[in-house]
Each structure stands twice: as structure tokens, then as C-alpha cells.
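For reference, the chains in residue letters:
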Amino acid sequence: MPRPGQRRTYATFATYYGSIDSHFRVPTTGADLEVPDGIAHFLEHKMFAKPEGDVMDQFAALGASTNAYTEYLTTSYLFSTTDRVAECLTILMDLVQRPHFTEENVQKEQGIIEQELRMYLDMPGDRVHSNLMRALYQKHPVRLDIGGSVASIRTITPDVLYRCYETFYHPSNMLLFVVGDLDPQQVIDQIAEAQWDKGLTESQAEIVRYLPDEPDPVAEAWVEQVMPVSLPLVSIGYKDPVSRLEGQDLLTREVVSDVMWGVLLGKASPLWSRLYEEGLINDRFGAHYTAATTYAYSSMGGETPHPERLAEVLAEELARVAITAEDVERQKKSQWGGFATLFNSPGDLAYQYNAWHFRGVDLFQFSDALASVSHKDVEARRDEHLQPVHRAISVIRPESS
Amino acid sequence: MRGLGQDKPNHDPNAFVGATEQGIGVYTHATDRFKTISLHAVWITPLAEDTASVTALVPSLLRRGARRWPDWRSMEMRLEELYGAAFRAAVEKVGDQQLVSCHLEMPDGRFLPGHPDTLAAGIEFLNHVMSEPHLVEGTFPPEAVAQEQETMTRRIQGIINDKAQYATLRLMQVMAEGRPFGLSRYGRVEDVATVTPLAVTERYWEVSRQAPLLFFGVGALDGEALERAVRATWQPRPAGVGMPPMAPVPGLHQRNLVVDEQEVNQGKLNLGYTTGARLPDADYPALMMYAGILGGFSHSKLFVNVREKASLAYYAYARVDGVLGLMHIGAGIEFKDFSEAMRITEQQVADMAAGRITEQEMDFTRRGYVTSLKTTEDSPGSLIGLQMQRLLMGGGLLPADLIPALERVTVEDIRRVAEGVSLDTVYFLTAKGEGHDVRLPVS
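Chains C and R, in that order, are what the protein sequence lines are. If you use the working numbering, the first sequence closes out at 401, no skipped numbers anywhere. If you use the working numbering, the second sequence closes out at 1443, no skipped numbers anywhere.
Just chain C, same shape as in the assembly (with noise of 0.2 Å):
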């Protein structure tokens, strides 16, 4: 994506392959695979591994700054530089592109990633987020922990993450997005000649994924763990049963979606203020959706003094209060500035675009859906996605209430 005038030059790249892939079919060899929890996120960062040292050095040398994150569905590489961008490309291809995983490395792998994970463990936010998934899902694997559990890491080989890597790390399974003041055509050039010259311009035999099916009902209505907080901490989510929902559909039920939360529970309405008034949220409760093909679900939440009140009222008004015409259109001009300002942050907007690629929506189809979205559209995408049977409740509580 050219953006003249911009210093940065931001790329990532990124494999269809998250922490949801734990079971499937390696299309080398055909045969059925099942993998420890956490292992996506373990190949993040041992990608970073070559028989020659640390790829960051390679970065550092040309004043590149380098990152990686793993999430449920997606793995991401990327840099950020000033110059050198074509030198960087290099690395960042043959970082993703040229495992190496030894026993030695692997193990050495276990005692940072175990610290990273309990970092985890000690954060309130995360905590009651991942509480949360647990509650809605009964067997989708998005209800486990994207960087898996102390003890599934320690089962982790080179063998295995090799299986994992020759599945999900093959070019028909990934996407290289580049932004900056650049010349597509040339970045074009650039990649096609290196992904030739490694042999990579075949495309593999489909990849398949293995997902439990998923029961509509959520696994708990109510979880709660105690924590060193100062206040209780709550996430209220609704499940919102999917079935191969991607492309326009997808685009369409997520803008849809926003625009409702934005008018039931958005700072402009009168329920936020009364909540806030009554002392039951902080400034920075708010609700958002998150879609993807196997699994979609609404959050909110943030620290409150009383969990139970604050449910019970949710659960009473989101289900009553009037959604007026002028609020949605005041809403839709409000989710335009959103997407405007998107485009002065390459971190931001390549992280958008990667998430709607793989889901089968372009980033530019984002302002027609947005226009299109009407007040009978939001009115009924409540009445089906506000369901009591669908809601669950994840509770933080301190030590000693």
C-alpha cells in the first residue's frame, strides 16, 4: 500500500495459522496430526532461530526494528524501518521461510516462554479475558490460551514443530502486506523472484483443519477466580453461533454489529451514562464483536464494584432501550472517523488488513458495507444476538471480598 510522505516502511507477514490449528492434516505425508496447545505460538518464537545467531541481529544491523505475535487464527512477522526496505524484505523471507529447530533450542525456548506465560497469569485484564472464552466455548479451541499452558509447552519438539511449520507456513497459506512510501510493482517484483528461486510458486494440497462441533449453549454461565485486585473485574460475553461465515457476510454482520454496540453502550448513550453515573463502570467500559469463519462473540466489561448489578442491568436494558434512526447514523459517521484515522498507523492498519484477508474481505469494502447498514439492520442483529442462553459471565474478584 504506497503512503507517500511516510518515513516508516511496515511489513508483515503472516500464515493463516494460529493457535486454533491443533489438529489436522499435514498435506506432505496425508496423515492426521494432533498438536500441544500452545505450539503456534512456540514456532513464533523459535522462527526467529537461525544456525548462524538471532535473525533480530540481521535487523539490527540495517537499524530495522523486528516483532512477532501469534493469535487464534493468525501468526504475524513483521519490521519496521526507514531505509534499506528491499534488504529487509530479504530477511523478514528468509526469517519465515528457513526454520531451524534443534533440541538444544527448543528446550532453551521453555524457560523464556515460561516466563511469559506466567507474566500472563499475573494480568488481571488477561486473565478475565481468557476466563471469559472458556465460559462461552465448550469445545472450540478458541477457548484455550493462545500461548498454551506451562505444562503443553514442555511436550514441544523439534519433530513436531516441524509438521507444524511444513503445514501452515507454505505461500498459498500466507500474506505478505507492505506498507510505506514505496512502489508496489517493485515489492511485487521482488517477492515473486525469491519465492521462484526457493521453489515456493507451487501451491501445496489444501490443508485440513479438524475443529470439534461446537454446541450452541455456552459452557458456563458464571466464572469467577480470586486475584490480587484492588476491584473486581468483569467480562460479559455473548456467543454468537457461526457456521463458515466469511467475505461480504462476515464484513456485514461485524459493521452491523459495531454500529449496535456503539448506539446501545457507546459514550453517547444514555445507558453508558447511567452506568457510569451509578458508579457500576469506569470511562473505559465499552463493548466490541469479534468475527471470524469458525467462531464469533461479543465482549465487554472493565473493573466494577458489583459484578452481579452490573449483569442484571445490562441484561434488562441492553434488551429494552429504544434504537432511535438518528442514533445509528450518528454512530455510522462516528465508525467512518475510525476507519479514517486508521490509515495513520501502518501497525494499525496493517493489523486490520491482515484479519478481514483472512477472512475473505477487502479493506476498502469496509465504507459501502458501513454506508449500507440500516436502522432495521441493527434493531433485528439485537434480537438475535442478545440471547440469554448465550451469555456468560467471567468475575475477578480480590483477595479478600
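In short, the hints are calculated from the structure, not lab data. Hints may be right or wrong, so weigh each one.
Stated by the list, open to error - List time: in silico BS3-like cross-link candidates among lysine-lysine, alpha-carbon distance up to 27 Å:
| # | chain 1 | residue 1 | chain 2 | residue 2 |
| --- | --- | --- | --- | --- |
| 1 | C | Lys333 | C | Lys267 |
| 2 | R | Lys1374 | R | Lys1336 |
| 3 | C | Lys50 | C | Lys108 |
| 4 | C | Lys333 | R | Lys1035 |
| 5 | R | Lys1035 | C | Lys332 |
| 6 | R | Lys1374 | R | Lys1093 |
| 7 | R | Lys1035 | R | Lys1374 |
| 8 | C | Lys108 | R | Lys1309 |
| 9 | R | Lys1309 | R | Lys1374 |
| 10 | C | Lys376 | C | Lys267 |
| 11 | C | Lys139 | C | Lys198 |
| 12 | C | Lys198 | C | Lys267 |
| 13 | R | Lys1035 | C | Lys267 |
| 14 | C | Lys198 | C | Lys50 |
| 15 | C | Lys267 | C | Lys332 |
| 16 | C | Lys108 | R | Lys1336 |
| 17 | R | Lys1309 | C | Lys50 |
Please arrange chain R on chain C, whose structure you already have, making use of the hints.
Chain R only, in chain C's frame:
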């Protein structure tokens, strides 16, 4: 004297045009690089125990309503009409100063259907919200004050929820020993409780009429229009009001150890150092190189030795506070690994002091900084932050001058700077029952 055009021409793409007159500064960076227009206004007031809490409540109450948009909801509706403009009123801390800031970021009308003039509407909004708060019988509404007191109390108590942030604040408290920079920007819970509607209203008038006020604008905007609007709204500050001097912070301890216990899964190791160098000082670029090589990047000594070689941590970093001249090292570790992590960390600091620095470490660190300095101009927030810091400190280099200064730094310069780096305090947050055996290694 007019404010505009007084600065000598500066071709640094990070430069702002503007000046401070009679305690009010208006600085603009006009560019069409962004899809947004950012306006940032800030009052500067000394951080002090007796006024910290009442001052911290001011932005919370400005956010609650203005004369034309008297409650939260009408203000939010106005922002949605401005195409989802983001408005933030906040209290911040820079060194020993407390900042009351109002920030508005809105999409540039050029990129919106119908090309509305969002800039004029935005300037009007910000000026109005800051100068004409919603008052009832002369004070902020008592219910709103009570709610914001409650929210502020929870916010202060909630610092404990983020263990890394909590440990950092505790380290600063211990190092400060009562000096203002150790205070939370929100003040203390017991002081929040005693604030009355009259007290916070009086504090608002005091700050808004007397504190130095800085306005910044970034985006496709007309600096003169912003300047006119600001000077028409705000009275000059009283004679003698200027940027407060920021004094260096001397260390009060040597290798002081403080250990806290909580129900946690991971220990937080935090080391606080005094450095003797601050932003405007000639040695500051050398201090940046020092901290960068020690722990600013993933090629740095701490990351390589604590994480990559010893597998003791997921994160390990060193950061400099250029305003106070302090350095902070942080790492998340196993409780039992305290001594080992301390030993490795202090070994890295000792290596820096001995000048055991490779050409590669110098090169990578320089390049890392250069890239990040060049990208300052991609972000309105970074541009404003840098400009404000320079005004507050009365100096400091812009990227165009800082980059060559970093390139000139030698290992010998770093070794000299290292002589001024001294370990003041070690703070360790560990699990219940794990704290009694924690001892510092002998240096």
C-alpha cells in the same frame, strides 16, 4: 511581538512554528501527511502533595460537561458528529511537574464525505470545553464531583492490578523518599476524599488563569487561525509566570533493597539508578547510547544475557528518564532466580563501566535510535510529545541534531557517562513467603 515566524528557520521535519508569550504558547506543525488533525493543550503546574489530587480531578470534571454540552452524553454526541473525534482530558506527570492536558484528534475533513471543516469545529470545541466548564451555582456539580472522586480513588487503588506498573511506581516512591517525583500523578487516596466541589472549582480557576498554557496543533491546519483563536480565548498569565525550572534529582541511597510480597506468579525485579545526565546536557546522547546498549533493544546486553543466554526472563530492559536523569532496569523472573538475575544484570552494568562494548553493539544501537528518531515525524503524538518535552526542559535536541550527536558518541564517552551511573535502589516484588531470604549480592 507576534508569535509566528519568530523562530529561526529550521528545516527539521519535526520542527514546530510558534512562540510563548505572556505564559501562553501556541505551536503548530502544518503538514498534509496525516489523515487527522491533532490539537493538544496543556496546563503546567508543580506536582505537590497537597495539590496533586485536587488538580488531578480537574480534567475529569472538564470531561463531564461544558456550558454548551452540559453532560457527558451531549459532549459525546457532539464528538460523534465530529466524525468520531477522540477527546481526552487527562492528568500527566513529567518529572516533578503535573500536567493537565486536553487532547482532541479528529479526522481531517478532506477525507470525509462532503469535506466538512472539522478543524474550525475542533478548535471551538477544545477552547470551549477548557474555558467554560459546566458549573451549577458557581461550582462543578456536586454529584459529578462525588462520582469523579470515587473513580479517582479506584484508579489509584487499581495501580496494584498491573504488577509491572505497580513495581515501577514503588521503586520511584522508594527512591524519591517524599520528593514530588515519587508521587502518583493522581495524588493519594486520602487527599482525594477531602476534595470539595468548591475546592476543585477554585483549583480549576487558579490553574486555568495562572498556570503556563501550551497549545499544539498538528495536521493540515492554519497556524495563524489557531493562534488567533487561542489568544482570543485565554488571558495572558500573571507577570513572572514562566516555565517552571526542572531541577536535577540527586540520589538519596546506595544499593538500598526493598522487597514486597504479594500473591503473584512471577517476580518483578526493578533497579533504579541515578545517572547525572539529563535531556539538555551535552552528555545526554552518550547516556542514550549507554542505556540502549545495556537494555534498549533486543540486541542489548540485558536481553541477550538475561533472556537469550540464561532463559531467566521473557523481558529485560533498561530505560532512561531524561527529565529526571534516572535509569530504570526491569525484568520479570522466577522468585528463586533473584540472586542469579541480579548477578547477571550487575555484570552487564560493570561491563558498560569497563567499556567492554563491541563495535557491533555500538553500530546496532545507533541505527536503532536513528530509525526510531526518523519515524517521530510519522506520528502526531510523538511530534507533540517531543516538542513539549523540549519546552519543559528548556532544551534538548531535535532528531536532525540528535542523530549526528549519537553518531559522534565514542566508547570512551560512554565509559565516562557510566562513571556517573549509580545504583540507588533495588525493588523486588515476590510471592508470599518468598521474600525473607532475599539479599543483595555484595558489589
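Checked hints:
1. Distance restraint check for Lys333(C) and Lys267(C): the Cα-Cα separation of roughly 14 Å lies within the 27 Å cut-off, and the hinted pair is therefore satisfied.
2. Annotation: proposed proximity of Lys1374(R) to Lys1336(R) is violated, straight-line Cα distance about 42 Å (limit 27 Å).
3. Our distance criterion of 27 Å between C-alpha atoms is met by Lys50(C) and Lys108(C), whose separation comes to about 14 Å.
4. Taking the CA atoms of Lys333(C) and Lys1035(R), the gap is near 16 Å; set against the 27 Å cutoff, the hint holds.
5. In summary, the hint linking Lys1035(R) to Lys332(C) is supported, as the alpha carbons are separated by about 18 Å, within the 27 Å threshold.
6. For the suggested pair Lys1374(R) and Lys1093(R), the alpha carbons sit about 26 Å apart, so the restraint of at most 27 Å is met.
7. For the proposed pair Lys1035(R) and Lys1374(R), the alpha carbon gap of about 19 Å is at most 27 Å, so the pair holds.
8. With a C-alpha separation of about 8 Å, the suggested pair Lys108(C) and Lys1309(R) falls inside the 27 Å cut-off, and the hint holds.
9. As the CA atoms of Lys1309(R) and Lys1374(R) are separated by approximately 32 Å, the hinted pair breaks the 27 Å bound.
10. At roughly 22 Å between alpha-carbon atoms, Lys376(C) and Lys267(C) fall within 27 Å of each other, so this suggested pair holds.
11. With a C-alpha separation of about 39 Å, the suggested pairing of Lys139(C) with Lys198(C) is violated against the 27 Å cut-off.
12. For the proposed pair Lys198(C) and Lys267(C), the alpha carbon gap of about 52 Å is over 27 Å, so the pair is violated.
13. Restraint check for Lys1035(R) and Lys267(C): the C-alpha separation of about 24 Å stays at or below 27 Å, so the hint holds.
14. In summary, the hint linking Lys198(C) to Lys50(C) is supported, as the alpha carbons are separated by about 17 Å, within the 27 Å threshold.
15. Taking the CA atoms of Lys267(C) and Lys332(C), the gap is about 14 Å. The hint holds against a cut of 27 Å.
16. For the hint pairing Lys108(C) with Lys1336(R), the CA-to-CA distance comes to about 18 Å; that is within 27 Å, so the pair holds.
17. At most 27 Å may separate the alpha-carbon atoms for a hinted pair to count; Lys1309(R) and Lys50(C) meet this at roughly 15 Å.
In terms of the numbered hints stated before, the structure departs from hints 2, 9, 11 and 12, listed from lowest to highest.
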